[in-house]
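Use these hints to put chain B onto chain A, whose structure you have.
Each protein sequence line maps, in turn, to chains A and B.
Mapping of the first sequence onto my numbering: position 213 corresponds to residue 213, and the numbering continues sequentially without gaps.
Mapping of the second sequence onto my numbering: position 23 corresponds to residue 23, and the numbering continues sequentially without gaps.
Derived by calculation from the structure, the hints in this document are not laboratory data.
Be careful, since some hints might not be right.
[Said to hold, decoys possible] Cβ-to-Cβ under 10 Å is the rule here; a few derived chain B residues that face chain A:
1. Met1
2. Thr2
3. Arg4
4. Val10
5. Glu14
6. Asp26
7. Leu27
8. Val31
9. Val40
10. Asp87
11. Thr91
[Claimed, not checked] Residues of chain B placed beyond 10 Å of chain A at every Cβ, according to the derived structure:
12. Leu6
13. Asp7
14. Glu13
15. Gly17
16. Leu59
17. Val62
18. Val63
19. Val73
20. Val89
Where is the CB? At the ideal position from N, CA and C, for every residue including glycine.
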Amino acid sequence: MTLAAAEHEVAGWAEAIETYFERGWTDGLPVVPATAEAVRRFLEAAGRRPDDVVLRESTRRRTITAEKIAINAVMAGCRPEYMPVLLAALEAMADPAFTLHGAITSTGGSATLLVVNGPIRTRLGFNAGGNVFGPGWRANATLGRAIRLITLNCLGALPGLLDRSTQGHPGKYTFCIAELEEESPWEPLHVARGLPREASAVTVFAAEGPHNVLSHYGETAEAIVVAIADTMACLGSFSPGESFVVLAPEHVQILARDGWTRARLREALYAGARRTVADLKRGGKLPGAVEAGDEARWVHRGRGPDDIHLVVAGGGAGGHSAFIPSWSRERNSLAVTREIRA
Amino acid sequence: MTIRILDPTVSAEESAGVAIAKRVADLDGKVLGLLHNGKVNGDHLLELVREQLGARYRLREVVVIRKPSASRVADESDLDRLARECDAVVTAIGD
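Same shape as in the complex, but just chain A:
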């Protein structure tokens, strides 16, 4: 297997790690040195040739081959068997609906949220339980990181150059969760998005950071819906964009106990996540002064219940769910799901 990437000889592993920093090839953390031997193992695990084109981005005029993907996956600390998940995520990001160029450039500072579904979650050791957005699991941490390294090294989204995020958010280092399908009373995300249950899939979403929804004391579905809808209606993130709602097992158990279906929850959240035109004007979300009637005119988050994507994840104890707003303020970037062929 012949590789095309330029090679750089360095004195040893420690020097290699410093070389990555000096050349501006890291996310600010040390990376695993990518040797030809390691990269070949990753390509073999993926069943891909080095020159297979995985992604083309026309605005930045980049063509990214499987070899470059493998190099960055090694650097991120992935295992070779993660490659099919990474390739599926990149195929999803290449879908025009995702608007890759805008999503990785914008002042809005999005990160790519990955949600993994299906049997591959347990096979590769993804965390869907406690501390799901936090550290401690190699599959979650390194896959999300590989996406960022590819965004930096292959798409040129360097901060201050082709990444103009005003602030960005911590998910730009890594932002990968799996769904705790076993704790869900409903169909999982990939089934809701049209794939068979036995399939494995990854969903990508250009996202802001998670907003915590703490609701401990109501212990009814209604109380949980009020708290989530209120968080979704926050002015800072208010837009017609899509939403991810990551439900804690405790919350979803109460919803199921009270007889709520997935569809009913989406409808209730859409109905509740709304603001008056007066509020939107006072908060600088709409231009102009508040006029007669604006206090009684309502605008909802998103365009309808289908814009709310539900996922179950998190630890067994604690009434903490999360609302993750779209980066897109309008309809410029939508969630995309791809089957993982492994």
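Just chain B now, kept in the frame of chain A:
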């Protein structure tokens, strides 16, 4: 022991076959295109450009196109129309 590491970067490809548009000496009797990229206030900026150029030259016509979204590249059909109908095009971001 020395090791050899692989370059993880991808460079932008040269844009083949795209030359800079022919320059125009002035805009008298010419068609001016204005492409608003969809950001807030880009339209106001372009309106000022139209006023200033209109005061300096006898523009034959002004073609105004607004991209539906600042995050997406302009539609091929819009770019084709600007190329076909206009002698010069000004584009602006707002914010």
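Going through the hints against the structure:
Restraint check, methionine 1 of chain B versus chain A: the minimum CB separation of about 6 Å is within 10 Å; hint holds. Because the beta carbon of threonine 2 of chain B sits about 5 Å from the nearest beta carbon in chain A, less than 10 Å, this interface hint is met. Contact between arginine 4 of chain B and chain A, as hinted, is supported at the beta carbon level, the nearest pair being about 4 Å apart and thus within 10 Å. Taking 10 Å as the C-beta cut-off, the interface hint given for valine 10 of chain B holds, the closest approach to chain A being about 4 Å.
Hint status for glutamate 14 of chain B relative to chain A: holds, with the closest Cβ pair at about 8 Å, below 10 Å. A cut of 10 Å between beta carbons decides the hint on aspartate 26 of chain B: the least distance to chain A is about 32 Å, and the hint is violated. Using the Cβ-Cβ criterion of 10 Å, the hint placing leucine 27 of chain B at the interface with chain A is not satisfied: the shortest such distance is roughly 29 Å. With its C-beta approaching chain A no nearer than about 27 Å, valine 31 of chain B sits outside the 10 Å limit, and its interface hint is violated.
For valine 40 of chain B, the interface hint holds, the least distance from its beta-carbon to any beta-carbon of chain A being 8 Å, beneath 10 Å. For the restraint placing aspartate 87 of chain B at the interface with chain A, the shortest Cβ-Cβ distance is roughly 26 Å, beyond the 10 Å limit, so the hint is violated. Using the Cβ-Cβ criterion of 10 Å, the hint placing threonine 91 of chain B at the interface with chain A is not satisfied: the shortest such distance is roughly 14 Å. At roughly 4 Å, the least C-beta separation between leucine 6 of chain B and chain A is not larger than 10 Å, which violates its mark as non-interface.
Its beta-carbon lying about 4 Å from the closest one in chain A, aspartate 7 of chain B breaks the requirement of being farther than 10 Å from that chain. Taking the minimum C-beta to C-beta distance to chain A, about 4 Å, the non-interface status of glutamate 13 of chain B is violated against the 10 Å cut. No beta-carbon of chain A comes within 10 Å of the beta-carbon of glycine 17 of chain B; the shortest separation is about 13 Å. Listed as outside the interface, leucine 59 of chain B is consistent with that label: its C-beta sits roughly 29 Å from the nearest C-beta of chain A, beyond the 10 Å cut-off.
The claim that valine 62 of chain B lies off the interface holds: its Cβ sits roughly 25 Å from the closest Cβ of chain A, which is beyond the 10 Å cut-off. Annotated as non-interface, valine 63 of chain B keeps its C-beta farther than 10 Å from every C-beta of chain A; the closest such distance is 23 Å. Once the 10 Å rule is applied to beta carbons, valine 73 of chain B is inconsistent with being away from chain A; the minimum gap is 6 Å. Distance check on valine 89 of chain B: its Cβ is at least 18 Å (rounded) from any Cβ of chain A, clearing the 10 Å threshold; non-interface status holds.
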